[in-house]
Amino acid sequence: MAVVLADRTLTAYVLAHPWTRDALGTPVPPPPGARPAPRGSWPGAATQQADGSWTLRVDPAAWPMKPGDILGDGVRTWTVTTALLKSVPGYGAADYIAVTATLNPPETP
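Note that the sequence shown covers residues 1 to 109 in my numbering.
No false leads were mixed into what you were given.
Simulated crosslink set (EDC-like; lysine to aspartate or glutamate; CA at most 20 Å straight-line):
#1 K86 / D7
#2 K86 / D59
#3 K66 / D95
Okay, the calculated beta carbon distance ranges per label pair:
#4 Q49 / W19: 27 to 33 Å
#5 P29 / V88: 33 to 39 Å
#6 P27 / A93: 35 to 41 Å
#7 G40 / S87: 15 to 21 Å
#8 W19 / A98: 20 to 26 Å
Quick caveat, the hints were computed from the structure, so don't treat them as lab data.
All residues carry an ideal CB built from backbone N, CA and C; glycine is no exception.
Generate coordinates for the entire structure from the input sequences, incorporating the hints supplied.
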């Protein structure tokens with residue numbers, strides 16, 4: 001198993017979970033293209049995979065993270081596809097959030 005060290009600071013733009021509700025109780029999604037204010041910045045790493053997808057590792061302090069949230073490093077932004085909190089028993093300093101994401105905008109060959 002390889003250890004991937006943080007190589008950048010990732011800022012999380014996290015959508016409200018759950019969405020606000022209208023007067024009838026129906027969930028109201030945010031407007032398309034709307035980005036919430038940043039929730040915070042944490043150490044992380046990003047690696048492009050051979051198939052063009054991206055995997056990111058983020059400090060567990062950024063949890064919770066859900067599909068549709070945005071991560072940015074000041075140069076690129078990614079939309080979270082999946083996020084899973086990983087913990088290493090007995091080694092809390094090695095805990096991280098495993099994220100798969102798509103680059104915004106996606107690169108075209």
